[in-house]
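Enquirer: Given the sequences, and given the hints that come with them, work out the whole structure.
Number of protein chains: 2
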Amino acid sequence: MPEFRRDPVIGRWVIIDSDRRFNKSDPSETESYPKDHSACPFCPGNEYMTRPEILAYSKISGRMPNSKGWTLRVIPNNQPVLAIEGNLKRRGEGMYDKMEGIGAHEIIIETPEHDIKQDRITPQYYETIYEAAIARIKDLRNDLRLEYILVFKNYGILANAVFEHPHSQLIAMPIVPKRVREEINGAKEYFSYKERCVFCDMISQELSSEIRIVDENEFFTAFCPYAARYPFETWILPKNHASDFDTISAAEISSCARITKSVFSKISKVLDDSAFSALIHMGPLKEKNMPHYHWHIEIIPKLIKTAGFEWGTGLYVNPVSPEDAAKYLRESE
Amino acid sequence: MPEFRRDPVIGRWVIIDSDRRFNKSDPSETESYPKDHSACPFCPGNEYMTRPEILAYSKISGRMPNSKGWTLRVIPNNQPVLAIEGNLKRRGEGMYDKMEGIGAHEIIIETPEHDIKQDRITPQYYETIYEAAIARIKDLRNDLRLEYILVFKNYGILANAVFEHPHSQLIAMPIVPKRVREEINGAKEYFSYKERCVFCDMISQELSSEIRIVDENEFFTAFCPYAARYPFETWILPKNHASDFDTISAAEISSCARITKSVFSKISKVLDDSAFSALIHMGPLKEKNMPHYHWHIEIIPKLIKTAGFEWGTGLYVNPVSPEDAAKYLRESE
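These protein sequences, in sequence, are chains A and B. The letter at position 46 of the first sequence is residue 46 when you use the working numbering, and the numbering goes up by one with no holes. The letter at position 228 of the second sequence is residue 228 when you use the working numbering, and the numbering goes up by one with no holes.
Some hints could be false.
If several chains are the same, the list does not tell them apart, and a pair holds so long as it fits within one copy or across any two.
Quick list of in silico lysine to aspartate or glutamate cross-link-like pairs, DMTMM-like style, CA-CA up to 25 Å [said to hold, decoys possible]: (1) Lys178 x Glu310; (2) Lys305 x Glu182; (3) Lys117 x Glu127; (4) Lys138 x Glu252; (5) Lys98 x Glu189; (6) Lys305 x Glu210; (7) Lys305 x Asp272; (8) Lys239 x Glu100.
Everything labelled a hint here was simulated from the structure, so no lab data went into it.
Expert: Right, here's the structure in full:
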């Protein structure tokens with residue numbers, strides 16, 4: 001059973017999971033996905049290889065659960081980081097703190113097509129993923145043990161995507177993770193000084209200066225952030241202030257899907273189908289409608305390695321200025 | 001010229017350095033060091049390939065600077081992350097903050113031997129490195145633009161070590177990095193509640209429970225931390241409370257060198273010469289003798305990849321419990 005443990009100095013929770021498969025990376029071995037994907041558990045016909053589905057979309061009326069015919073499918077992860085059953089049992093261990101690794105870890109299988117190409121992916125493709133994620137968040141809000149939900153996507157082996165079949169992930173957890181708490185605290189400080197949302201201010205400065213803008217539509221803007229940690233790091237922000245992702249309107253979902261398609265296409269084109277991670281940062285489940293926090297999507301192409309200096313300091317060295325990165329992305333296509 | 005930029009939400013500084021060489025990682029290419037190291041700039045005879053040395057130890061009296069005959073050599077990095085000349089010019093850019101990338105980036109060439117084997121490295125080897133690092137810190141303290149010095153070592157390609165020749169690094173910077181500030185703030189909170197140093201408390205709990213202890217000697221203890229982020233993460237802490245690394249006694253330096261040799265040998269043996277990063281966390285240059293902060297060494301073997309989930313949350317999943325890791329390390333040799 002995984003366990004949460006809290007670092008007594010900086011208060012960071014980690015998950016210790018000794019039952020988890022531990023593969024030491026082998027630098028002499030170039031990893032790649034198996035060429036033959038008849039054994040892919042996410043492919044249609046292999047539904048029996050996964051745990052029973054939680055949600056599925058289908059164009060076939062009367063489709064039996066866990067059978068073919070779906071267009072999108074949500075399943076529990078076979079190797080979950082956190083388990084849904086049990087009590088948190090928050091307790092001490094001498095001076096230390098721990099609790100059980102309770103939570104949910106779900107996989108959103110985005111499409112039945114294992115090999116779908118970027119140029120065949122439509123805005124509708126992302127719209128369906130966002131709708132499924134929102135449905136899952138609304139459902140998981142009923143579990144009062146949970147404090148936070150992270151929706152994310154790892155693409156490519158370098159970004160640690162275990163499966164090649166297109167998928168996103170959702171992890172619901174009983175804590176608000178450190179990075180999100182830092183953003184909220186920072187945004188709260190800004191708000192108490194300026195009485196404005198720091199993200200709203202960033203959007204208006206970026207739209208007026210234009211130099212870091214990647215794309216824009218009715219409800220969303222995409223730009224490379226001023227203090228980007230990684231080359232070609234790109235954020236997508238809703239123009240309308242909101243701290244919760246799962247309360248946006250149908251028109252906003254559609255607009256978000258269109259800009260997602262555009263940004264992913266640009267990144268894929270400019271960076272030659274590079275590995276990346278993308279994630280949604282939204283407010284904690286129990287802190288709704290925050291005036292100072294603004295949900296957003298962060299996209300981080302996996303282009304450089306980080307090591308001692310970055311780990312030891314939290315200070316990143318980025319060899320590509322966000323102005324250059326935005327220019328390349330903006331001008332592609 | 002590199003530039004510091006501050007994230008307006010969480011206050012994290014990043015270094016944007018567009019002049020830096022940017023190599024996109026290529027997953028299809030297994031990287032390795034060149035077999036022929038006649039062109040290694042750190043090897044004796046190649047002193048002309050580096051910038052002029054800042055410090056050198058030698059057994060030859062009257063050795064000319066930047067010639068052979070040294071046993072350890074400190075040089076400015078040819079591709080420094082930060083530059084020593086100039087003014088900080090801290091200023092705004094709309095709502096954002098930036099300043100010039102002022103600081104020092106030095107390489108400690110640990111030995112003339114390019115291929116020295118772990119079993120031929122003595123405690124004396126590390127003692128000399130620590131003495132050189134301390135000499136450099138004492139000197140850099142005179143530069144009042146500087147706020148922090150990080151001494152660290154990346155070993156192996158997976159840990160981003162650009163050169164194979166054994167070396168450590170030192171980066172002096174005009175800010176206190178985020179990770180260190182977090183440790184200090186957390187330790188200060190603990191101190192204000194308990195009137196004790198959280199690190200001193202950890203040492204006494206670890207020494208009494210013994211389950212996470214890797215090694216111990218007169219002045220130092222090494223253990224796998226309770227909330228370890230990474231498999232086999234190991235910390236070395238001085239038993240005597242001190243926040244500054246460069247004020248420890250000769251006996252402590254010697255004791256620290258002995259435990260460093262022991263821990264590095266164990267890690268190399270158990271993890272089959274794995275890549276790792278090691279770094280010294282000490283107090284900020286302008287906050288001396290802090291009762292609540294405790295300098296220490298963190299060693300992080302590079303065994304697993306991190307991606308979207310870890311980046312998005314700051315929450316790490318560690319598949320090896322620190323108790324198991326400590327047992328393996330303790331029982332080796």
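Enquirer: All the hints need checking, so say for each whether the structure fits it.
Expert: Hints versus structure:
1. Lys178 x Glu310: Result: close both inside a copy and across copies, 17 Å intra and 10 Å inter.
2. Lys305 x Glu182: Classified as both: same-chain Cα gap 24 Å, cross-chain 23 Å, threshold 25 Å.
3. Lys117 x Glu127: within (17 Å within a copy, 56 Å between copies)
4. Lys138 x Glu252: Within one copy only: 17 Å inside a chain, 57 Å across chains, cut-off 25 Å.
5. Lys98 x Glu189: between (29 Å within a copy, 19 Å between copies)
6. Lys305 x Glu210: neither (29 Å within a copy, 35 Å between copies)
7. Lys305 x Asp272: both (18 Å within a copy, 21 Å between copies)
8. Lys239 x Glu100: neither (38 Å within a copy, 32 Å between copies)
Comparing the model with each numbered hint stated earlier shows that hints 6, 8 do not hold.
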